[in-house]
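Reassemble the complex: the two chains are provided individually, in unrelated frames, and hints are given to aid placement.
Residue numbers (the working numbering), protein chains in the order written: chain A, 1 to 236; chain B, 1 to 446.
Take every hint as true, because none was put in to throw you off.
In silico DSS-like cross-links for lysine-lysine, where the CA-CA straight-line distance does not exceed 25 Å:
1) A:Lys44 <-> B:Lys82
2) B:Lys215 <-> B:Lys205
3) B:Lys82 <-> A:Lys210
4) B:Lys304 <-> B:Lys205
5) B:Lys304 <-> B:Lys222
6) A:Lys210 <-> A:Lys97
Think of the hints as simulated: they come from the structure by calculation, not from any bench. Being a predicted model, the structure only gives us computed values, none of them experimental.
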Amino acid sequence: MTGNPPANLPGLPEEPVARTGMFGATGTGDTSGYGGLVVRRAPKLSTPRPYGGPVGPSGRGDFDDIADQLERALGGDLAEAVESVVVDRGELTFHVKRERLLEVCRHLRDDPALRFELSLGVSGVHYPDDTGAELHAVIHLCSITHNRRLRVECAAPDADPHVPSTVEIYPTHDWHEREAYDLFGLIFDGHPALTRIQMPDDWEGHPQRKDYPLGGVPVEYRGAEIPAPDERRSYA
Amino acid sequence: MSTAYDNAQEEATEGKVYTVTGQDWDELVAAVAGSDEERLVINMGPQHPSTHGVLRLVLTLDGETVIEARTVIGYLHTGIEKNMEFRTWTQGTTFVTRMDYLAPIFNETAYCLGVEKLLGITDRIPERADVIRVLMMELNRISSHMMAIATFGMELGATTPFLFGIREREMVLDLFEYITGLRMNMAYIRPGGVSVDLPAGTVDKIGEFLKIMPKRIYEMRKLLDANPAYLRRTKDVAYLDLTGCMALGVTGPILRSAGLPWDLRKSQPYCGYETYDFDVPTEKTCDVYGRYLVRMSEMEESLKIIEQCLDRLAGPDLKGKPVMIEDKKIGWPAQLALGPDGFGNSPDHIAHIMGTSMEALIHHFKLVTEGFRVPAGQAYAAVESPRGELGAHVVSDGGTRPYRVHFRDPSFTHLQAIPATCEGGMVADVISAVASLDPIMGGVDR
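Bound-form chain B, shown alone (with noise of 0.2 Å):
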């Protein structure tokens, strides 16, 4: 490997080339202060502390300020897509939890919403997978604003926040592996329902959290709410306004933050969000620091629903009431149950296809080798993820596997706002501009 070859090559087209390995700070700027030449491209990325994962940024910088941000994106590019066009509708949901996988659940009822709506039996989903569904949607938005803020706090230097938000989330994960039996890519909402009901005991672990995550959020506002450090690094930075989010098709927090209460839970509602008492949280800033605040606010919103949750859950109207559909076409024949060997169908539901019923055992191996059907057509559901608008657009031809799935990921949009809120300003603001957008490259580049 010789770097001083490639070196050399790209000098005679670029000009004078400079490997950065680290603490190599002063070296660099000795070399360039003898250089003649006004501008300087950085290429930061894909490994980098600070881009959020793999994401690349190629900078052109005049002294400490960017007159280009480019974007390269793809790193991350796993075909999910297209992998699930041959597996059948219900494997689909493992491959899509695994896109944004710090909002897991948002990306599986995207889905499967989008399937429901295919198959026509949106208005069959029992109200207690409804229900389940809205608790982990809000739980698992409590734990990405965390993680949001958290690493947005570290690329900033402060390990406090950073702390802070890794040890909330890890609540929520906790949460997560209770009710699934996974922390991440749980695959728990399936069409037609939910995998399986919640365990003995959810709903008072949900209650002890639902003790606790007020004071922490408080903790976290404390900390950082009037921080002078804080707020010289956030406000008036990454400034973009409704027209800038409309043009760019940027949605969720960063929209919010710039005044347009936009929220598909209350202006297109799924899964009963209408029944839920809360509230859309905006600033009018259009800044990092907005966006901050709105998603502080917006876990506070989502306590509230959770509690609602939890009320509902408890309550006689859903007590023991099935989660998923009835329609035995559809809803996954199983009943799972926790044995002495792990997660997996339930002793009854063995029984019952190995010893009484042979057309239960056919119908049993047809739906989970084979799969359901969904007539032939296509659909666009869309949910509110922590983000912004995350959409499913759904094409059957009338066989047991998607013909085609396309995720409408916000993260994607949403890197194409880096050259409209970096131009101009410092670089050190980039790290911020970018934190504040949340991207995930997992979801960006699917």
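Okay, chain A solo, but in the shape it has when bound (with noise of 0.2 Å):
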């Protein structure tokens, strides 16, 4: 509703079709007149600047002023270690690369124009539509100094699920970073000891991932079974 550009406006790019016809049912004569409905996927934002965010002392949106300090710690192009910066309902995303992510961790923490020095944690996020970026680790920092916050989304292709571990930085990720290689199997490379936290240590697969089977539920009836949830007919 804010800040999305309108999809599928002429002159746009189409979106990929995530999805066709209505409750998931696929083979069964469609009475509903749903069939013909057509789902495109949400565009990938990306924001130009200026980035803008609540007006601080110095006169110019906060986010603008995050960037602009990051870059000048950076001390080159901010396009370099940031992909892509994203304001969407009034939160500032930086899309870093995996590359660069634990000297972007270091200076958010460290220089006194940014201090964000509360790390809330990390939490997994799968997209396995999103092309060789399927796993992401998504940070959200504070800074208690400039009362502002920052998301910092880290990605990962599924064939290569490894992403630098922050908790030499940021040491209260050690939990959260082994919950998200538990529930999504991201490897953070350099955590002090990467071990399962929720699941059973001998537990296989990384059950919070899209493609994790789900198992149905068998009925005393006629040896008929409940299907798994994502397979059951339902609106999407």
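Next up, the structure:
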């Protein structure tokens, strides 16, 4: 609603089709009239400057200030380390290249103009359709000094699910990275002890992934089985 | 089941194994006295009366000094975050409320604030709903802190604080039952507002509660504030200073007992907290006693906020105003009411959809079964829960169900502070240290 570019208007490239029809059912005679429905995937956002944000003492948007200060601290073009910047729903996100993640995080924590001293942890997200960057590690940072927030996102392809560990910069990430590893299979290189944390040690697979096989429920009625949640008819 | 076999196998790799089942302390002491091992590894939990739920601690002891404390969690992992991906956005509240089960209202609010941010309706939530949310959160803060102090007392071996705390918490739970129909896991806060308005008589009931509660908090303070036994178990125990808190991501009363007045209600207000008059109590002791004092003062501040909420709810500006967003595409269609067969859709609403309007029936059916769509994107919403920053990272792909919801639960983060607060101390202080972190395993494991 806010900040999203209008999807599929003339002149804009069309996003790939996510789904056709409705209810997730195929092969049955569709009498609902929804058979021709085409749902496209949401476009990947990237925000150009100026980024805006709440207006700080400098008279400019906070988000521009953060980007400028990070660029200065990195000593080069911001785009070399940050693949894209997204401003959406009043929140700022840096999509950081994984080779530069440690460097970026260290500047974010230590630079007096940035001072994101408190990390609220790492959250994994699996986007199977985001080819080449299926697994995202999302770090939520908070600066108590400047009272502002920032999200740092670092993606890795499914074939090579390695992301550098940020435990040495934010010790609180220890368990959060273990959880992201446990539930998504993201491997944090350099983590002191990357083991499972929620699932049993000998568990196979990473349950929060979208391709994790879900079981159905057998019922005592003529060999029937309630299908797994992702195979049931639904509105999607 | 042959434990002898297990023991033999473990002894081959890890040394002599003792099995302790309770009331056999003398035998254990006699057996250990004959051993030439210097270190003892104790497996405390996951079923242990003083580990605050199914938390397992592996303690390496040298005498009575803890050399190493390792924490094992996951015994209460129920996959709530995964389950939510197969339910509608509204049904999500019934899941998140079960995470940190002593602070259900906070889970619901954090989740709903995240969903509302994604929907872009944060500014359109009715003011009455916001005031009710604040009221419920502050009541919940009191019940949660009371439970924290109650169990803390019992784990140290004092049963009176436990009885006091449970009695006081019960008063809050009675209020919750009166307002929502449920004592816990209410799913009362919904995206767009709250599920139902306060029933008649609520303001009076909470008014009575406000008369009794200050005395009860004073009683608890009289019992514990200067109690010599209590002081010796809590003062200078489990020291964690500001640097440690920042590094470990520790927030809430633990951070405030290290002297930093960081409270999201003040620093990044939500639900209109900026319009209430209250203080953020801090201590500078960085120890268990400081955390206790902060919790006690926070309850007193909560009472102030509740009083202001009541004034607003009874005032002419908010009386009888809606508690759910006016947008019919998001707001829950039913007007709930209490009938002879329990709580459900109001007779007026049933008459409307069944008798007079086909469109209303379709609308009701669509919104309840299909739910509303949330524009694609991600948002992070945080509230100050009784334990610290409770954050909800909510991701949507544009559908009627959450694509991913992650809860940044303060208990999960705080348990990482166990090695920092326990190692080098006495084994008896481990109990005190863990209890002062106030971890709720439902929130830790989710």
